[in-house]
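Chemist: The residues making up each chain are set out below.
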Amino acid sequence: MTSSTAAAVVTAASPFPGERPVTDAVVREHNLNEVEYGRILELLGRTPTLTELGVFSALWSEHCSYKHSKPVLQTFPTAGPQVVQGPGENAGVLRLPDGWAVAFKIESHNHPSAVEPYQGAATGVGGILRDVFTMGARPVAVLNSLRFGPLDQPRNRYLFAGVVRGVGDYGNCVGIPTLGGEVGFAPGYTGNPLVNAMCVGLLRESDLIRAAAHGVGNVLLCVGARTGRDGIHGASFASEELSERSEARRPQVQVGDPFTEKLLLEASLELITSGLIVAIQDMGAAGLTSSSAEMAARGGVGVEIDTGLVPTREAGMTPYEILLSESQERMLVVAEPYRVEEIQRVCAKWELGAEPIGHVTDDGIFRVRHHGLVVAAIPGQRLVDDCPIYQPAAREGEDARARRTAKPQRPARTDLQGALELLLDSPNLASKRWVYEQYDSTVQASTVLGPGGDAGVLQVPGTAFGLAVTVDCNNRLVALDPYEGGKAAVAEAARNIACTGAVPLGITDCLNFGNPEKPEVFFQFREACRGIADACRAFDTPVTGGNVSFYNESPAGAVDPTPTIGMVGLLARVADRVPSHFSTPGDEILLLGATRGGLGGSAYWTEVFDFIGGSPAPVDLAAERSLQRLLASAAGRGLLRSAHDASEGGLAVALAEAAMGDAYVESGFGAVADLGAYADGVPAEAILYGEDGARVVTSAAPSNVDALVSLAGEHGVPVHRAGRVGERGGALELRLGGRLFTWSIGALRRIYYTAIPRRMRHPDVDRSAGA
Amino acid sequence: MLTVAVVRFPGSNCDVDALRAVERVGVMAQFVWHRDTSLHGADIVILPGGFSYGDYLRSGAIARFSPVMQAVQRHAADGGPVLGICNGFQILCEAHLLPGALLRNAGLAFVSKPVDVVVERTATAFTSVFEPGVRLRLPVAHGDGRFVAAEDTLRMLEAEGRVVLRYVPATEESPLQPNPNGSANHIAGISNATGTVVGLMPHPERVADPLLGVPDGLGFFTSLAAWRPPVSTLSTPNP
Amino acid sequence: MSYRVQVRVMPRGGLLDPQGQAVEHALSALGFPDASAVRVGRAIELEVAAESRREAEARVRQMCDKLLANPVTEDYLLEVGES
Amino acid sequence: MSYRVQVRVMPRGGLLDPQGQAVEHALSALGFPDASAVRVGRAIELEVAAESRREAEARVRQMCDKLLANPVTEDYLLEVGES
Ligand SMILES: Nc1ncnc2c1ncn2[C@@H]1O[C@H](COP(=O)(O)OP(=O)(O)O)[C@@H](O)[C@H]1O
Ligand SMILES: [Mg+2]
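Chains W, V, Z and F supply the protein sequences, listed in that same order. Under my numbering, the residue at position 113 of the first sequence is numbered 113, and the numbers go up by one with no gaps. Under my numbering, the residue at position 57 of the second sequence is numbered 57, and the numbers go up by one with no gaps. Under my numbering, the residue at position 67 of the third sequence is numbered 67, and the numbers go up by one with no gaps. Under my numbering, the residue at position 17 of the fourth sequence is numbered 17, and the numbers go up by one with no gaps.
Pulled out of the complex, with its shape left as it was, chain W reads as follows (with noise of 0.2 Å):
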């Protein structure tokens, strides 16, 4: 291939011997364009070399490059005076009282557990677990959001199993506790389920470090495992070369090992709080070389690795190799070149491997050689900057705008008594302490609350206050109405904080969508991002950081928008924390906020009517941010028994969940409430089922409620004083326009405790049927 630009040659270097020629077909394998390979050219002045055009096409990679959202992603806020690390960092980080500071990231692995269930989503933890004590900070709780196909489907049982099992064993052996995540079921995710996962860490905030390559002839260092053939771009190469060399299939599934990452997780966080080393940088997504290649941009500097150095798992691996693998549990440390015995004594004491591999330059190349032969040589900036940006086309598709506007057909009878059990029997409601039981939520002897409820909430060791972590997203409300849907992610979340007591301090996100340059998936992108966008500005949660995951289609095409939102909130005392069960007898029932009825995307018309459609209900952040800060007073004064936010399935699934109680105690309670002349005008399914946001189930003392309602009246956030929590394993007693529906608490308990576990008896059975 010949270049058509007559620039002069910028750099040298060398095909590795045995190396395929770089033809138009093979640019193609590396799903690079016309465009990006006449970048390359330009840049280079000549012919890349394979093992050029593989690093190219691994950092102009949509995951690496974010040529189609960057231009988006720049109209989050991200400033604050809590801010101390924004985007462009492995994980965001804010500042905490005391000299504490937390950082916080949410990263996807959908792909590789479409797959390999259970190691994609196992190594999907290990990843966000380095992201974060790459940063310094020792990870204190995980998260996970996932989406499946229905569980009626075997291929989907088996997705779900493997998920839960991977993550559960990675974080559980690293010692992690989880504190929370979500699980939704849907047609869409049949091909293609979402595994997203978050960790949060804490540091001081003088331990921080930023993972920026800086000083001339500083020394690179290979940090854990060993290099294998992991994960060389499955997808993208069908390199002959490889597949004559090896037998049957290529190992391509990167398998995890927990116990590795702990140890690199104490030998990292004493490399940097011994002041040991400049920087340092997990192998993530292109392992080698964009870790290197980032740390350099970042410095201002060049940087020169040799590969034969890089010690590797099998003989006689390429450069291409050895840059692009994606083995696990690896990092990249930079250090003064006198510290590198010490650094290699600390390693050792975790019983891992330290080797210089390569150096900081002074001459901005990203060069590679392999004893000695460069085979990479290309400007480094340039590298990392220089991917072609995209602004592709949007348009909103017709199908979402005509659900929108449809109405549901009213099932032959509407048994509104009935509705309730259906609702607590979907998985997508029902409790998931099938999934949460697998992983370890109370190691590190720092939960304060667990999963089950809302948020999470763990202390801050040795100090009286804590964090508060959640994520959400509701995907029917985005694939309705991707702005409204967007903002409603973070309301929820906030909610979710607030209901525990604590303020939000920031969020991460994580967005999963479809084919970008398809222009009704670039539509939802755009719009669910202006809608985070607007809700953190109101909410004052600047944006830390995220991850952009893009083309998740399914035979049946695009999934759902699911833009997860990952928040973290602060809990000034941790012996303020409120629960979201009831938890005493007498106690009255206060439902906070103002009910509309609406039922656009409800759970009930999806579950009961079989109807996906409608407008959700439009996000009043105004009446979302007074409620946050009724919550934060009232817990702060010690107001609050319980608070629930009603979200999916609205007030009836809300008053229902905060009384049937945790799994773990003996029986619910009881409780009666009145709900007539709470909302009027408003009908009696919209008023139990509805789903509008900014609402809260709470329970207070009977000597508090004088206190609450009038904290609520400064706040301006409506109170419907609704009735009390009856005796243990009572029943659910609500009244509304002259009806009284009554269900048993421990009928409730069953249908919401066993409807996964009733699905899941033989999880592991047909993994390759309904693929």
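Careful, some of the hints might be misleading.
[As the list claims (entries may be wrong)] To list a few chain Z residues with every Cβ distance to chain V over 10 Å, as calculated:
(1) Arg4
(2) Leu30
(3) Asp34
(4) Arg42
(5) Arg59
(6) Asp65
(7) Glu74
[Unchecked claim] Here are the simulated lysine-lysine pairs, BS3-like style, with alpha carbons at most 30 Å apart:
(8) F:Lys66 to W:Lys70
(9) W:Lys432 to W:Lys67
(10) W:Lys432 to W:Lys518
(11) W:Lys518 to V:Lys113
(12) W:Lys70 to W:Lys518
(13) Z:Lys66 to W:Lys432
[Said to hold, decoys possible] Just so you have them, the derived chain F footprint on chain V, three or more residues with Cβ under 8 Å:
(14) 55-66
(15) 105-115
Simulated from the structure, these hints should not be mistaken for lab results. Keep in mind that this is a model prediction, so the values were computed, not measured. Every residue, glycine too, gets a C-beta built ideally from N, C-alpha and C.
Assemble the complex: chain W is given as a structure, and chains V, Z and F with the ligands must be docked to it using the hints.
Modeler: Here is chains V, Z and F with the ligands on its own, set in the frame of chain W:
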């Protein structure tokens, strides 16, 4: 002054939790590295939970050969107290400091939840402050917690009253499963004949802080703090 | 007829085998430095009713493909004996 | 000489084998009701340097007794091949 050694194996992850629980009752604690060959004069040893050596092969099988374990063996043989929690219990069984073995949970999945247990034996270094028969709610979090032993070993453990903790049967209403892992005789913890070596599957160190909830685990550590060496203290009584 | 079949399911070559690594390490520390290339997998033993040894083997192969082995990460080997 | 040794470590007969039961259940649900007496254990494969096949076997027996099998709950079986 009493001191406690918390042994850290590569892969231990409840080591800090155990240390903090010991310090909470005012007892000095220090970490001892698995490569150490001495316990640095500690009076009491804790083998904490976690995944020593990744729990690869069998839980506790590789850790049992760590250099420090010889010192632990000697300490136990001399009548020194040793508490193994979760992975520590598994290591004690692999090292034959306690009988039996801990196998994959009967339900096959990892189980993390609170369980109700009864304290049956209080004549141990770690349960002396409890009333016999008291019920506690403690968290479990394990994949390999099914206690098994040969028939005659089980009989011996029961006859000698060496069952320290037993899972409580469920009630009709409660969905709480009684025995989270299928252990023989619902055994959650056992001791050696003299009550100095104790292994527990539940994690008392995670519920020793009143700020986190009902501190049902605290008694194990106040018992530890009250322990005195049987003979040598006669000459130097503690205040 | 009934056949006793032994199945060995092993991690595919080239894939990381952390268990094998850990065992190799431990063996070496225990005074067996002469052990190498350790890999750890699953051993499954079952009885299968079949007309012939060939049919028994074919049957167990199906079981392996469908359930016993993970086609993405594992290889398997059979041994059929009479029972 | 180097020998390739296959070790099978199986749960001792009489002990509950929940994994084996689960696999048997799953097989039956998948249309293999003809499988029975399923047991699941560990397969370990290793190279060992030794003067003779007998020495190799003796060596691996030691490894099993010391580490690879739990004498309280497991039995093991060896097969030695050339490598
Ligand atoms: N994948 C999961 N991992 C851990 N916890 C989960 C998971 N899915 C759900 N949970 C927990 O179950 C509870 C209910 O979840 P969900 O119905 O999504 O709550 P909400 O509607 O309040 O966000 C929460 O405490 C949540 O953290
Ligand atoms: Mg909630």
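Chemist: Just pull the numbers of the violated hints for me, sorted ascending.
Modeler: Numbers 2, 8, 9, 10 and 11, in rising order.
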